[in-house]
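Start from chain R and add chain P according to the hints.
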Amino acid sequence: MRPLVSFRNVSCRLSGKDVLRGMSLDVEAGETLVLLGRSGSGKTTALKLVNALLQPSAGEVRVEGMPTAAWDAIRLRRRIGYVIQEAGLFPHFTVEQNVGLVPRLEGWPAEKIRDRVHALLEQVGLPPAQFAARYPRELSGGQRQRVGVARALAADPPLLLFDEPFGAVDPVTRVELQRQFLALRREIGKTAIFVTHDVREALLVATRIALLHDGRLAVLATPAEFLRAQGEEVRAFLACLDTQVTGC
Amino acid sequence: MTPELALEIVELTVEHLLLVGVSMAIAIAVAVPTGILLTRRTQLQKWMIGFANVMQTVPSLALFGFLIPIPLLGGIGKQTAIVALVLYALLPILRNTLAGILGVDRAVRESAIAMGMTGRQLLWEVELPLAARMILAGVRVATVTTIGTATIAAAIGGGGLGVFIFRGLASVDTTQILAGAVPAAFIALLADGGLGWAEKKLSPV
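Residue numbers (the working numbering), protein chains in the order written: chain R, 1319 to 1566; chain P, 50 to 254.
Just chain R, same shape as in the assembly (with noise of 0.2 angstroms):
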């Protein structure tokens, strides 16, 4: 089968300098690609040519087969659902209308845009009886954070982008999003890339893990096999989980 994106020896120079160099990469249907790095590595880099956010200088990367330059970015985008740090949510929306977004800019009829929205907003673990009519100052970073989830998914896109996704929120509230998010994709299994810095939630969410290092592809490997993977980029991030363990 045809990979869903295809990274073709892809090369990023952002304000002087390279933030990805030559990277190669297929992300296949129904798997949960995670990008891992540290600051700097050009994971988001990478996540953002996916949706045209960016341009590769070099290279390019290929969406359903075709390169995000000769798609229409307008479409391309309303294809791929997109959630970051601290959501993004528009503060002058209620929940019901960012989740709805998307649907009403594709022009759903608006009975269908509600009904896709409450859906939607059980299915993240918040009633919409409660939380439709909010706005986004009024909830929680971790019910802000499954908004945005909710959102990304409302037009039923078959790519998901994750940006750091629960970067922003407590320890335990990340846990429980990160347990959401493996129910999620066991009902719904979409294709998803997945950028993070830790390594602990990439060996918990992840199918595969692409390591980047300094704008490059240093492994790219199964989580099984990402714990006994070699190189001095893998151990310094394996390293983590034993000071996590016995550092505090």
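Check before you lean on any hint, since a few could be wrong.
Reference excerpt, derived from the structure (chain P facing chain R, CB under 8 angstroms, subset only) [unchecked claim]:
#1 Glu159
#2 Gly165
#3 Pro178
It should be emphasised that the hints constitute simulated quantities derived from the structure, not laboratory data. The structure displayed is predicted, hence computed values, not measured ones. Using N, Cα and C, we set each Cβ at its ideal position, and we do this for glycine too.
What follows is chain P alone, placed relative to chain R:
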């Protein structure tokens, strides 16, 4: 107060409101779109803000005077007064439009783009609603200032409540000065209160 004076106060107040109303309408129509445009043209920003800043620093009486000899824009009368008032009102509105839109949270803007909003949708559905309060605050400052500055319009034949003030100054007649100053102050307070109320009502953020 004689009935003649009362009548004249009403007449000149209406004229004053007209001067301010027309000037503000033009200033808003120019400054808001320019502000929006400037958020997309970073290099132009400092030039335009610089121009508006300089306009603000020219003493108002002098600005009215400078405009008189300029063809088309200038001369004696209302038109020149309106040009001067517009130039004064531009800066607060321009600056707040710019600050309001640039102040929209980066994460919010990025997710709007990433969700497939077009440039127009981004502007009308996200940037303008979130900047509305800030823009209105600029309009409020500009309006209140314009109501005061418009009294100087009388010096170049622009009419309005300034007519009383200049007449009173020339004849050392306090009643005349007050007949101009009190209604002007009153209008300014009303405008400030009304626009301040609108600002609070606007957008739940």
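Verification of the hints:
no.: 1; hint: Glu159; result: 6 angstroms, holds
no.: 2; hint: Gly165; result: 4 angstroms, holds
no.: 3; hint: Pro178; result: 5 angstroms, holds
Comparing the model with each earlier hint shows no violations; every hint is respected.
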